[in-house]
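Novice: If you want the building blocks of each chain, they are given just below.
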Amino acid sequence: MAGNFVGVATDEPDINGGTIDNAVIGGTTAAAGTFTTLTATGKFGANGKTAVSAAATVAIISTVAQNSGFGFSTSAQLIAAQAAINSILACLKNAGLMAE
Amino acid sequence: MDTMYRNVALCKARGLPVAGWQSDRPILAVVGGGKSAAQNIEVLKNWKGDIWACGSVYQWLESLGILSTVFCVDPQPCLAGMVKGASKALLASNCDPSAFDVLKEAGAYVETFDLANENVGVHHGPTTASAAFDLSVKMGYLDVTFFGFDSSYDEGPVEEMPERFNVSPRTHAFKTEPEPNMVRIVTNGKAFITSAEFFMQAQWMAELFKTLPSVFKNRSGGLLAAMIADDDYDCTHISTKLAEHVQPIQEAA
Numbered sequence: 001m002a003g004n005f006v007g008v009a010t011d012e013p014d015i016n017g018g019t020i021d022n023a024v025i026g027g028t029t030a031a032a033g034t035f036t037t038l039t040a041t042g043k044f045g046a047n048g049k050t051a052v053s054a055a056a057t058v059a060i061i062s063t064v065a066q067n068s069g070f071g072f073s074t075s076a077q078l079i080a081a082q083a084a085i086n087s088i089l090a091c092l093k094n095a096g097l098m099a100e
Numbered sequence: 101m102d103t104m105y106r107n108v109a110l111c112k113a114r115g116l117p118v119a120g121w122q123s124d125r126p127i128l129a130v131v132g133g134g135k136s137a138a139q140n141i142e143v144l145k146n147w148k149g150d151i152w153a154c155g156s157v158y159q160w161l162e163s164l165g166i167l168s169t170v171f172c173v174d175p176q177p178c179l180a181g182m183v184k185g186a187s188k189a190l191l192a193s194n195c196d197p198s199a200f201d202v203l204k205e206a207g208a209y210v211e212t213f214d215l216a217n218e219n220v221g222v223h224h225g226p227t228t229a230s231a232a233f234d235l236s237v238k239m240g241y242l243d244v245t246f247f248g249f250d251s252s253y254d255e256g257p258v259e260e261m262p263e264r265f266n267v268s269p270r271t272h273a274f275k276t277e278p279e280p281n282m283v284r285i286v287t288n289g290k291a292f293i294t295s296a297e298f299f300m301q302a303q304w305m306a307e308l309f310k311t312l313p314s315v316f317k318n319r320s321g322g323l324l325a326a327m328i329a330d331d332d333y334d335c336t337h338i339s340t341k342l343a344e345h346v347q348p349i350q351e352a353a
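Taken in sequence, the protein lines are chains A and B.
Quick note on our numbering: the first sequence kicks off at 1 and runs consecutively.
Quick note on our numbering: the second sequence kicks off at 101 and runs consecutively.
You can trust all of the hints, since none of them are fake.
Here are the simulated DSS-like cross-link-like pairs (lysine-lysine), alpha carbons at most 25 Å apart as the crow flies:
id, chain 1, residue 1, chain 2, residue 2
1, B, K184, B, K204
2, B, K238, A, K93
3, B, K317, B, K238
4, B, K275, B, K145
5, A, K93, B, K317
6, B, K184, B, K112
7, B, K238, B, K112
8, B, K310, A, K93
9, B, K275, B, K184
Derived CB-CB ranges, DEER-like:
id, chain 1, residue 1, chain 2, residue 2, range
10, A, L89, B, M104, 21 to 31 Å
11, B, S163, A, L89, 32 to 42 Å
12, A, L97, B, D201, 30 to 40 Å
13, B, E259, A, G96, 50 to 60 Å
No lab work stands behind these hints, which were simulated from the structure alone.
On a predicted model such as this, the values are computed, not experimentally measured, just so you know.
In this text, a Cβ means the ideal position worked out from N, Cα and C, and glycines have one as well.
Based on the provided sequences and hints, a complete structural model is requested.
Specialist: In structure tokens form, the structure reads like this:
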């Protein structure tokens, strides 16, 4: 059966194909999900922690890096990079090399 | 962390000069060991400014007749071997005391700096190179060019470069070191093999280059150049050794 449905509520839909566009999944009540390929273009969160990077894969590297003893996650380092940028900008302003 | 605090305390006790602002600094080249550094040897031989060599790069540049200041933030004792022969050094106060001992014995001129603790000190990322940005400007260098920070070991077309973790890529322009924690990154239409640490270095450095292009210039290739050109990147593979650290996500009860 194919067709367009507007404002139809059903407790047990069985969708076996097609594409879901521009829709929130699990917006009120989250449930299990299984994916073959997961691509994220916004923030990616797991277990209450949110990685700043757009790429979900970065969250994996972040976890790996912390667990393998590098002591630095990608999300933490992006915050630190911003601190470095702020420090450099402040230095340039103090030296009169950049307008306030 | 105890080692870091111990190193800092021992460094302070030496009473060495602290790197600081000077208004008439020349241009600065910061040199890493990536393969593209070898393509810039003539540029560096004719460089009309100061040169900082990161860690083991110092001795490579010296062997090519290029004078530089050895620059490092690493606390590992192996740094002592890397600074041998240097007449000028710029070391973080948390570097291993043995490196300071070697430099003292050689009569080298050594300046130190503190890495950021809270908001005081030099801000840095996962590698020595990442500290060069904040430190150089704090010292008054306003035209800083980075060479040899490719942040990757191998690269190629995405379709022609599947997993290549079973081969040992050349890691430096002048040597090869074992690197078990490998990742494959796809960005800017190419695939790159690198370490997790260098991936994070590239992420950090790309952010700085894009934000402050009037001060910092990149003449490195590899993953770093690609990540400056393209904000979108994906890690598609990780090495078996690195995968040992990955934990599966637990489903909610």
